[in-house]
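A.B. asks: With the sequences and hints as input, model every part of the structure.
Residues 2 to 776, numbered by the numbering used here, are exactly what the sequence shown covers, in order.
Quick caveat, the hints were computed from the structure, so don't treat them as lab data. The C-beta atom is built at its ideal place from N, Cα and C for all residues, glycine as well. Hints may contain errors.
[Stated by the list, open to error] Result set (PhoX-like, lysine-lysine): computed pairs, CA atoms no more than 25 Å apart in a straight line:
(1) 317 - 237
(2) 121 - 85
(3) 159 - 317
[Unchecked claim] What follows is a list of derived Cβ distance ranges for each label pair:
(4) 617 - 301: 30 to 36 Å
(5) 34 - 714: 48 to 54 Å
(6) 291 - 408: 26 to 32 Å
(7) 270 - 325: 30 to 36 Å
(8) 360 - 587: 54 to 60 Å
(9) 587 - 301: 18 to 24 Å
(10) 34 - 587: 53 to 59 Å
(11) 174 - 198: 15 to 21 Å
(12) 404 - 323: 34 to 40 Å
(13) 570 - 549: 20 to 26 Å
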Amino acid sequence: MLLPADASLIERDRKLPGLATVLAPEAFLAALRLLFPEAEPKAAQPVYVRYKPGTSCLVGYQLEVGGERVFLYARAHRFDAQDKLRKAHQRASIPGPFGPGRIVLTQKASLISVFPNDSKLKALALLADEHGQKRLFRPFTPEPAGWRNTSVHTLRYKPERRYVCQLRFSDGASAVLKFYTAAGYQAASNNAAAFESRGPLRIARRIGHSARHCILAFEWLPGQLLSEALSDPDLKFERLATVGAALACLHNQIFTGLVPLAREAEASSLLALAEWLSFVCPHLARRANSLSRKLVTRLMQKLPVKRPTHGDFYAKQILLADDTVAILDLDEAVLADPAADVGLFIAHLERDALRGTLAPDRVEPISQMLIEGYCRAARDLLAGHIALYTAAALFRLAPDPFRHREPDWPERTEALLERAEQILDHGFSQSVFVSQSPISRPPSAVEVFDPFGVTGDERMPFLAQALNPDEVERQLAHNLAHLAGQLRALRVTRYKPGRRCLIEYDLETEASEMITLVGKVRARGLDEKTYCLLRSLWNDGFEASSADGISVPEPVGMIPAFNMWLQRKVSGVPATELLAKAGGRALMRRIAAAIHKLHQAGIAPHRRHTMADELRILRARLTLVAQMRPHWAARLERLLDRYEQLGGALPSPGLRGIHRDFYADQVLIAGERLYLIDLDLYCEGDPGLDVGNFLGHLTEQSWRSFGDPEALADRAGALEESFVALAGEERRAAVRTYAMLTLARHIYLSTQFPERRYLTEPLLELCEQRLSRVR
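C.D. replies: Structure follows, in structure tokens:
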């Protein structure tokens, strides 16, 4: 029988004629029995729901057919999707217990797919027979014939999104195989290379992959899931301190390859969720919208934090083994606020307590030990953010009772919203969630965050003093007296051993203003030239109040003892995050104006960079690629010869001061203001180099982010046309030539990042194709 809330929902959503059939197990079974009476399907249990009001509803089912458990999913479409259903029906499928692997319910505008048939995870079809399994397992199994006795055990399946299974080999070994959509594979592949085991933290090693089939293989890690251990009355809560320490180790790693999660994206997802809840639970609409607006307001008031986070951290993602902790499933990892992981973990505990699967009196001690272990390892107090992120996570979990088809889902949804409101408005009742735990420090204590261990760098011994709060305060007072204040925190954000280091200092000024200074350190001496360049630009039309909205960060001083110059940190969003969004072409026109303004600044550079220098660098890089891939040597040499011809054919340019490392990450957007950053390579050169470099990076970003090098072609065109309109048509040839050289340089760069190596040969092919079109 349908719940009254389900019946009401079906009545409201008239656009999905099959909603009542796919959502109700009894109706779903009746439809199958009518079509296949001899199969006698029974015991249908919905295990996964993904519902988009007025668009579609996907329900994953387990049911019994002939004494066997069968997994399938049904998707209800709009009635006008008949053409889509017809094409799906015509596609080849793997036969199942009903005969056909795909079943169309025409009158209900619904499609049923029987495992391993999946519209998005096409490689699952290879699991159906021995030949297909051989093709799948060969890269991941012991040689020479390990695949023959390999068994597959399903761990998790989200139709049209992801399938996870355990491979058990004949020699007793195991591995985890994950099947993804094309987009999901790219993100997961990047994230899999972003973390490593460290201290108490264990990360499963990637042991193989198939880009063709969108599959990743990982080592199998033994241990007990924390979700199982939490219900054990004999659980030693001290184990949670190790979990917290492991999470701190994950947050403290270098964030190579991770995508940043913007505050705006967090906010928009909360507002969209409120809209969804308002339709599914109309009686909770006012409550959901009010709560989402409060959460968005609080989040947007927080300074953005960009550190590696798990993105889906809760007890089922944690494996306990002896004195180590494995953190699983990094597919959702992003650069964000670490408090989000802690808040999500606590939100799951709160949710489990509300649904009765965890004793309510265990939530506080479990959370307390995790936070204490985290703070000891990270030297970081998260108290000011935990309540906010726990409330936000509870709000995000509000759809779970509906999605999991819990019998009293409307009441449980309301309970989650109510608990989120309590935590957001009043915080936690227990003292563990405020900064009064035994490891807390006085309010005036200085937080030191050094994930790289830079103080041991023999080439930059002064870094030890640059991270000593007392010495830093002394040097700031001596060298930057105009910014007198109290040092509150310092952190290392970038580091190249023996070469460079970036350190941020949080200061509370005498006027109670919080500011952040960015200190740039160089091993071979204080970079006075770049500081003076920035000062000259700031004083010559690039200040924070410039009428055209184009600025550089404010240079504030130097600390010679640290080989350091400092600038005020700019709060803004890298252009990389905005180019693909609405307004991307308009943003490109602003970027063209900004780089043209730099070219016209007239500040004399101290060095020069010519086409000959660019070609020399490219030859050195591609020679290294040829050494790694000898079978490409002839192709790479042909590329270089052709590039040298193109470079030599360019007319002598009118040289200007140029950025020389200009691409989207070097542009920050702060509302209507645009900042140019990282001018360390400023030199005399061809202005076409800057725009060409930007375009080459844009092509690579398009391919890496969207799987299509032309995905942002309209943005590239807007930048080129706008720049040429400002700088003159004679610059176009240089822009296009430098764009090709930059793209070729990415052939080498792709070999330096494991998550990008799948692009190396496609980039080579693309360079060859583009050169073939040049006359």
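A.B. asks: Look at each hint and say if it fits the structure.
C.D. replies: A quick look at each hint next to the structure:
{"no.": "1", "hint": "317 - 237", "result": "holds, 18 Å"}
{"no.": "2", "hint": "121 - 85", "result": "holds, 14 Å"}
{"no.": "3", "hint": "159 - 317", "result": "holds, 16 Å"}
{"no.": "4", "hint": "617 - 301: 30 to 36 Å", "result": "violated, 47 Å"}
{"no.": "5", "hint": "34 - 714: 48 to 54 Å", "result": "holds, 52 Å"}
{"no.": "6", "hint": "291 - 408: 26 to 32 Å", "result": "holds, 27 Å"}
{"no.": "7", "hint": "270 - 325: 30 to 36 Å", "result": "holds, 33 Å"}
{"no.": "8", "hint": "360 - 587: 54 to 60 Å", "result": "holds, 55 Å"}
{"no.": "9", "hint": "587 - 301: 18 to 24 Å", "result": "holds, 23 Å"}
{"no.": "10", "hint": "34 - 587: 53 to 59 Å", "result": "holds, 57 Å"}
{"no.": "11", "hint": "174 - 198: 15 to 21 Å", "result": "holds, 19 Å"}
{"no.": "12", "hint": "404 - 323: 34 to 40 Å", "result": "holds, 35 Å"}
{"no.": "13", "hint": "570 - 549: 20 to 26 Å", "result": "holds, 22 Å"}
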